[in-house]
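Student: Here are the chains, one letter per residue:
Protein chains: 2
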Amino acid sequence: MKPKILISLLALTLSGAIMSEPLMIESQGSFAAGGTVITSAGQYNPRPDAVKNKMSNSFMDVFQASVKAGGQTLHGDHATVFYQIPVNAKKLPLVFLHGAGQSMRTWQTTPDGRAGFNEIFLRKGYPVYLIDQPRRGQSGRSTVDGTIAATPDDQFWFAQFRIGIWPKFFDGVAFPQDEASLNQFFRQMTPNTAAFDAGIVSDSLKALFERTGDGILITHSQGGIVGWM
Amino acid sequence: MKPKILISLLALTLSGAIMSEPLMIESQGSFAAGGTVITSAGQYNPRPDAVKNKMSNSFMDVFQASVKAGGQTLHGDHATVFYQIPVNAKKLPLVFLHGAGQSMRTWQTTPDGRAGFNEIFLRKGYPVYLIDQPRRGQSGRSTVDGTIAATPDDQFWFAQFRIGIWPKFFDGVAFPQDEASLNQFFRQMTPNTAAFDAGIVSDSLKALFERTGDGILITHSQGGIVGWM
Chain A
1 MKPKILISLL ALTLSGAIMS EPLMIESQGS FAAGGTVITS AGQYNPRPDA
51 VKNKMSNSFM DVFQASVKAG GQTLHGDHAT VFYQIPVNAK KLPLVFLHGA
101 GQSMRTWQTT PDGRAGFNEI FLRKGYPVYL IDQPRRGQSG RSTVDGTIAA
151 TPDDQFWFAQ FRIGIWPKFF DGVAFPQDEA SLNQFFRQMT PNTAAFDAGI
201 VSDSLKALFE RTGDGILITH SQGGIVGWM
Chain B
1 MKPKILISLL ALTLSGAIMS EPLMIESQGS FAAGGTVITS AGQYNPRPDA
51 VKNKMSNSFM DVFQASVKAG GQTLHGDHAT VFYQIPVNAK KLPLVFLHGA
101 GQSMRTWQTT PDGRAGFNEI FLRKGYPVYL IDQPRRGQSG RSTVDGTIAA
151 TPDDQFWFAQ FRIGIWPKFF DGVAFPQDEA SLNQFFRQMT PNTAAFDAGI
201 VSDSLKALFE RTGDGILITH SQGGIVGWM
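First to last, the protein sequences are chains A and B. Residue numbers for the first sequence, in the numbering used here: 1 to 229. Residue numbers for the second sequence, in the numbering used here: 1 to 229.
So that you can see chain A by itself, here it is in the shape it has in the complex:
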C-alpha cells in the first residue's frame, strides 16, 4: 500500500505547485452570443418637442420623451460569454453553463477562495468559455418585462444544493463551514431578470458554438435542461 499513498501525496504536491505558477493566457475577452431585437412603434426623435427650447434638460426628461416618441430598438435575450484561452491550448473548448439562481461565478472562485473549474481547466490547457445565460447576470437585458421579488430563500438553496438541512451541514460534506464562506456562497446567487426560457438559452448557445466550432458543454442543475435540447 505504501507506494500508492506516496504517489497520491506526490500528485497533490505537484498540483499545488502548478496552481501557484502564473497562468499563461493567450487571449481573453467577453462578447454577447445570439439574442433577438424588438422595435417600438413610432419614429425615433433625438430631440422630442417636450424637451425643446429649454436651456437645459434633465437626463430622465430626455430619456422619457425619447422613449415615448418610440421608433427605438432593444437588443436582448443574448448570452454573455467570458472566455480565456491558455497558451498551447487543446482543440476543443469547454463551455460552462450555470444552474438556477446562478451565473458564471459558479465556475470561478469557490466560496472559500480556492480556484474554481475555470482556473483548474485553464491550467489543464482547455479554452474555457463561461456563460451568463439570457435573462441572468450580465445578460439581464430581456425582450419581455420582468419582476424580481426580494424573497429570503437562502435556507431553501442550502438544502437544494445538498449542503445540509439548515443550520446543520451533512456529515462529511466538502463545503467549508465557516461564516465567511457561507456569506460568499449566498452572494453568488443572482435572480432571473425575466422568465427562464430554456429555448432562448439553447438558441444563445447555438450561436456561441457557431462561433467557436465544436466544443464540450458542461452544465449544472437547471443548465442540464438546456444541455439536453
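Honestly, the hints are just simulated from the structure, not real lab data. Owing to the predicted nature of the structure, the values given are computational and were not obtained by experimental measurement. Careful: at least some of the hints might be erroneous.
[Stated by the list, open to error] The list that follows gives simulated cross-link-like pairs (lysine-lysine, BS3-like), each with its CA atoms no further than 27 Å apart:
id, chain 1, residue 1, chain 2, residue 2
1, A, K168, B, K90
2, A, K52, B, K168
3, A, K68, B, K168
4, B, K68, B, K124
5, B, K68, B, K90
6, B, K68, A, K168
7, B, K168, A, K54
8, A, K168, B, K52
9, B, K90, B, K206
Since the structure of chain A is provided, determine the placement of chain B on it from the hints.
Tutor: Structure of chain B alone, referenced to chain A:
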C-alpha cells in the same frame, strides 16, 4: 518632423507586439464585497406540512412552501468583483466602476473585439478589479423588490454615449461603424434589478477597499456619482 513620426510608428509597433504576447496572470478570481442581510418572519422548516407525506414533490411546491414558512435570509446589495493580478504587479490596484445600464463588460473587450481597459492595464502591470455594482449584472440579488421594463431605448443610449444622432455617427468618432460592433455594443447593456442607490454602491466599494488596501478608483458616467462619495 520625420524622427517624431518614426518614433510614433515604432511605439505603435511595439505596443502591437506586446498585445500579442501571452498575459502572465499571478492570480485571478471573483468574490462579493459588502452587502446586507434581511430575514423573513417565521420559522425555517425544511419539510413544511404542505409537502409532507407525498411520494415526490415538485421543485416549485417545496420552494413556495419553504418560503411561506419563512425564517429565511437573503444576502443582497453586495458588489461582484472579478480581479486579475499580473506577475510583478505594481502596488496600487485599479478598481473600475461602470456607468448607467452597464456592467464590468464596459472594461473588457471593445464592441469590435479589441482588448479593453482591463487587458491594457494588466499588461502595464496593474492589478485590475472589475465591478458589477449592487443591483446590476451578477450582483442582481437585492434586498428590495424590482421591476424591469423591456423598453426599447438603444437609440437614446447611442446619443447619450456621444456616438452620434441615430442613425448618423458623429464626424471622426472612434466608434466602429459596422453592424456587428453596434450589435455587441447594445448587448453590453444590462438593467438595474432594483432601484439604483449610490450610497449602497459606495458602501460596497468601501468593503472592497478594506480588502485590497489603498487603490485607484476609475469611474464611468453614473459611476462618477459614487466616486465623489
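Student: If a hint holds in the structure, say so; if it doesn't, say that too.
Tutor: Structure-based check of each hint:
1. A/K168 <-> B/K90: With Cα atoms ~43 Å apart, A/K168 and B/K90 exceed 27 Å; violated.
2. A/K52 <-> B/K168: holds (20 Å)
3. A/K68 <-> B/K168: holds (21 Å)
4. B/K68 <-> B/K124: This hinted pair is violated, its Cα atoms lying about 53 Å apart.
5. B/K68 <-> B/K90: Roughly 51 Å separates the two Cα atoms, so the pair is violated.
6. B/K68 <-> A/K168: Answer holds: B/K68 to A/K168 is near 21 Å, not above 27 Å.
7. B/K168 <-> A/K54: The given pair, whose Cα atoms are some 24 Å apart, holds under the 27 Å limit.
8. A/K168 <-> B/K52: holds (20 Å)
9. B/K90 <-> B/K206: Holds, at roughly 21 Å.
The earlier numbered hints that this structure contradicts are 1, 4 and 5.
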